[in-house]
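From first to last, the protein sequence lines are chains U and H. With numbering that gives the first Met the number 0 applied, the first sequence covers 0 to 133. With numbering that gives the first Met the number 0 applied, the second sequence covers 0 to 133.
Among the clues, some could well be false.
Lysine-lysine pairs mimicking DSS-like chemistry, simulated, CA-CA at most 25 Å apart [what the hints assert, rightly or not]:
1. LYS100(U) with LYS11(H)
2. LYS84(U) with LYS128(H)
3. LYS100(U) with LYS84(U)
4. LYS84(H) with LYS100(H)
Going by beta-carbon spacing under 10 Å, a handful of chain H positions derived as facing chain U [stated by the list, open to error]:
5. GLU61
6. LEU72
7. TRP73
8. VAL97
9. CYS117
10. THR124
11. LYS128
Simulated from the structure, these hints should not be mistaken for laboratory data. Note that the structure is predicted; figures quoted are calculated from it, not measured. Even glycine gets a Cβ: it sits at the ideal position worked out from N, Cα and C.
Protein chains: 2
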Amino acid sequence: MTQTTFPTITDKHELEHGAALAPRFDSAGLIAAVTTHAETGEILMLAWMNAEALAKTLETREAHYFSRSRNALWRKGATSGQIQKVVEARIDCDQDAVWLKVLPQGDGGACHTGARSCFYRIVETDGLKTAPDR
Amino acid sequence: MTQTTFPTITDKHELEHGAALAPRFDSAGLIAAVTTHAETGEILMLAWMNAEALAKTLETREAHYFSRSRNALWRKGATSGQIQKVVEARIDCDQDAVWLKVLPQGDGGACHTGARSCFYRIVETDGLKTAPDR
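Throw the hints in and build the complete structure from the sequences for me.
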């Protein structure tokens with residue numbers, strides 16, 4: 000069974016330098032997760048995890064998120080085939096953000112629009128431009 | 000004067016494929032921003048922006064965030080010297096996340112702990128380990 004309870008650490012030094020994973024979920028019970036391609040380093044997406052999604056990700060080594068629009072646990076790729084094999088997971092200094100390095104399966108993409116990365120548009124002064132690496 | 004009002008787009012196709020920047024701030028008025036080193040691609044930090052921080056970032060080409068702990072606009076590096084020169088800004092498919100590619104000034108770091116990146120710990124099965132590239 001997936002462990003979905005994480006400890007809470009309030010000591011700042013322990014939080015930032017300790018060996019205990021103590022993610023700080025926000026008031027909605029979520030933590031931001033940024034996902035990069037383990038080989039190219041490209042940012043693929045930014046999404047959200049609740050405790051269950053984070054625990055399942057670490058346990059199965061496949062990325063799970065929490066869909067805010069569907070209000071449900073979301074195993075990435077369950078319908079699209081774009082399963083994300085987790086090569087490495089990191090947590091930031093104050094443990095309120097997760098970084099996943101993944102190998103996308105299926106067609107190798109991550110975005111529901113068909114783009115490889117969700118970040119396919121550059122913000123220019125006169126509007127958004129599609130990135131050349133889209 | 001910095002423009003701090005962005006349009007709202009509700010049409011999904013226009014939001015995802017249009018040329019208008021229409022960031023979707025959350026109920027607290029914030030949007031997640033992930034920042035990478037423009038040369039190495041390494042993720043440096045994940046932080047938050049309100050409309051003013053995003054507008055100032057785009058206008059000045061220096062990263063501005065919103066500090067949730069201090070509840071204030073935060074020009075990155077104002078005190079640490081770790082100014083972030085923005086090389087490129089991207090927005091994701093549904094415009095609820097920003098990606099900045101930056102050149103960190105000062106000592107080249109981004110984390111208040113002294114680490115170059117805030118993501119200096121890897122989540123292993125038996126706890127957090129300091130990354131070799133810390």
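Hint check:
1. LYS100(U) with LYS11(H): Given that 25 Å is the threshold and the Cα spacing comes to 29 Å, the pair is violated.
2. LYS84(U) with LYS128(H): The given pair, whose Cα atoms are some 20 Å apart, holds under the 25 Å limit.
3. LYS100(U) with LYS84(U): Since the Cα atoms of LYS100(U) and LYS84(U) sit roughly 8 Å apart, the hinted pair holds (cutoff 25 Å).
4. LYS84(H) with LYS100(H): holds (8 Å)
5. GLU61: violated (15 Å)
6. LEU72: Where the cut-off is 10 Å and the nearest Cβ of chain U is about 19 Å from LEU72(H), the hint is violated.
7. TRP73: violated (14 Å)
8. VAL97: holds (8 Å)
9. CYS117: holds (4 Å)
10. THR124: At 8 Å from the nearest chain U Cβ, THR124(H) passes the 10 Å test, so the hint holds.
11. LYS128: holds (7 Å)
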